[in-house]
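Visitor: Relying on the hints, combine the two individually framed chains into one complex.
Protein chains in written order, with this note's numbering: chain F, 139 to 254; chain H, 68 to 186.
If you are wondering where the hints come from, they were derived from the structure by calculation, not from laboratory data. Just so you know, not all the hints are guaranteed correct.
[Stated by the list, open to error] Listed next, the in silico DSSO-like pairs over lysine-lysine satisfying Cα-Cα at most 27 Å (straight line):
1) F:Lys160 <-> H:Lys108
2) H:Lys87 <-> F:Lys215
3) F:Lys241 <-> H:Lys87
4) H:Lys122 <-> F:Lys241
[Unchecked claim] Label pairs and their in silico Cβ distance ranges:
5) F:Pro156 <-> H:Thr149: 44 to 54 Å
6) H:Ala69 <-> F:Pro156: 24 to 34 Å
7) F:Ala152 <-> H:Glu154: 37 to 47 Å
We treat Cβ as the ideally placed atom computed from N, Cα and C, and that holds for glycine.
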Amino acid sequence: AQSVAQPEDQVNVAEGNPLTVKCTYSVSGNPYLFWYVQYPNRGLQFLLKYITGDNLVKGSYGFEAEFNKSQTSFHLKKPSALVSDSALYFCAVRDLNRAGGFKTIFGAGTRLFVKA
Amino acid sequence: GAVVSQHPSWVICKSGTSVKIECRSLDFQATTMFWYRQFPKQSLMLMATSNEGSKATYEQGVEKDKFLINHASLTLSTLTVTSAHPEDSSFYICSASERTGGNSNQPQHFGDGTRLSIL
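Just chain H, same shape as in the assembly (with noise of 0.2 Å):
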C-alpha cells in the first residue's frame, strides 16, 4: 500500500530556532500534501494544504510566515517551524493524496507524525 514517510519522528530543540520536518510519499506521486496539528489534549488542525510546484494554501489563523511549506516534488514536502517557541511544541502530522482538490475520491495516507518539543 501507500506509504508516507515522516521525518524526524522526534525532535527537541532550543527556543528560537528554526526546525524542518520532512515528509515522502514512497511508492506515489503526491500532488497535495497536507500538515495536520495535534495539542497535547489531542485536538487536531488542518494548517495547510499544499500542491506540487505551487504555493500553500493556508488554513484561517495559520500563520504563513512561522508556518513555512515547501512542495517542490512529487514525493517531498517540508514544513519548517521558524523561531519555534515552547508554544509551537505539539504533534505535527502530513498526508499525501495522489490527486488535487477536495472534490477528489483519492485516499488521504498520512505519515506516523512528528513530536516537536521546544525548550
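Extracted from the complex, chain F is given alone in its bound form (with noise of 0.2 Å):
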C-alpha cells in the first residue's frame, strides 16, 4: 500500500548548521516525490519535487533533497540552516501506477527549530 513516513516529529538545528528532514515512501510503481513547507504566518509553500532525471533536486530557499531509490527516501537538506527555516514541512508522494486514479499521500510533518 502506498505511504509516507516521516520519522521526526520535530527537528531542532542550530543556525548555521546543516539540517535534514527524513522522509521514506512506499509506492508501487514509480513516484511523484513533493516537498512543502507551512510557515506560521505565510502558508502553506511548495518546495521542490521529483518527478524523474537527476537524482538530486535543488528547491526554493537553498533546500534541496536526495531520490534514494534503493533506500526509498527522498530526504530534504540544506547546508546551512535560518532561524527563519523554523516551520512544518511535509513529505509527499503521489502514486502513478494506482489503478482507478492518483493518489497523492502526505506525511505527518515534521516541525522545525533553528535556533539561533
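Guide: What follows is the structure in C-alpha cells.
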C-alpha cells in the first residue's frame, strides 16, 4: 500500500548547521515526490519535487532533496540552517500506477526549530 | 511575485448549507489549480487538480459530488462544499501554477487558506 513516513515529529538545529528532514515512502510504481513547507505567518509553500532524472533536486530557499530509490527515501537537506527556516515540513508522494486514479499521500509533518 | 488570493479566509455556517470558496490568481494566468484540505491534526490531503476549461481530476477517495470544483477562467477556481456537515470542517487551501501537468517545473503559488467551520 502507498505510504509516506516522516519519522521525526521535530528536528532541532542550530543556526548555521546543516539540516536534514527525513522522508521515506512506499509505492507500487515510480513515484512523484514532493516537499512542502508551512510557515506560521506565510501559509503553505511548495519547495521542490522529483519527477525523473537527476536524483538530487534543488528547490526554493536553498533546500535540496535526494531521491534514493534503493532506500526509498527522499530526505530534505540544507547546508546551513537559518532561524527563518523554522516551520512545518511535509513530504508527499504521488502514486502514478494505482488502478482507478491518482492519489497523493502526505507525511504527518516534521516541525523544524532552528535556534540562533 | 505571483499572488494567489483565497476568499473567504474564514466561514462559519449551518449544517446542510453549501459553501463556496474562491481562489484567484492575481497577477498571472493559472492554467492549473490545486485544492488541498488540512485536517485539525495538521495532516494534508490533495483533493483535486483542475485545468482551466476542463473537468477537475479528483484524487482517489474524494467525493466529486460533495466537493464541486470549477475552473472556468485562467484566474479563478472555486470549490463548493455541498450540503456541508460538521465533518467537513477543515482548512482548505488552494494553489495555482502557470503550466499544466505533473512534469512542469513551474512552481505552485498558494493561497492563505480558508477555515471552514460547520455547526
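Visitor: Now tell me if each hint is right for this structure.
Guide: Hints versus structure:
1. F:Lys160 <-> H:Lys108: Distance ~20 Å between lysine 160 of chain F and lysine 108 of chain H Cα, so the pair holds.
2. H:Lys87 <-> F:Lys215: Violated - the C-alpha atoms of lysine 215 of chain F and lysine 87 of chain H are around 38 Å apart, more than 27 Å.
3. F:Lys241 <-> H:Lys87: Holds: lysine 241 of chain F and lysine 87 of chain H sit about 24 Å apart, inside 27 Å.
4. H:Lys122 <-> F:Lys241: Holds, at roughly 17 Å.
5. F:Pro156 <-> H:Thr149: 44 to 54 Å: holds (48 Å)
6. H:Ala69 <-> F:Pro156: 24 to 34 Å: holds (30 Å)
7. F:Ala152 <-> H:Glu154: 37 to 47 Å: holds (42 Å)
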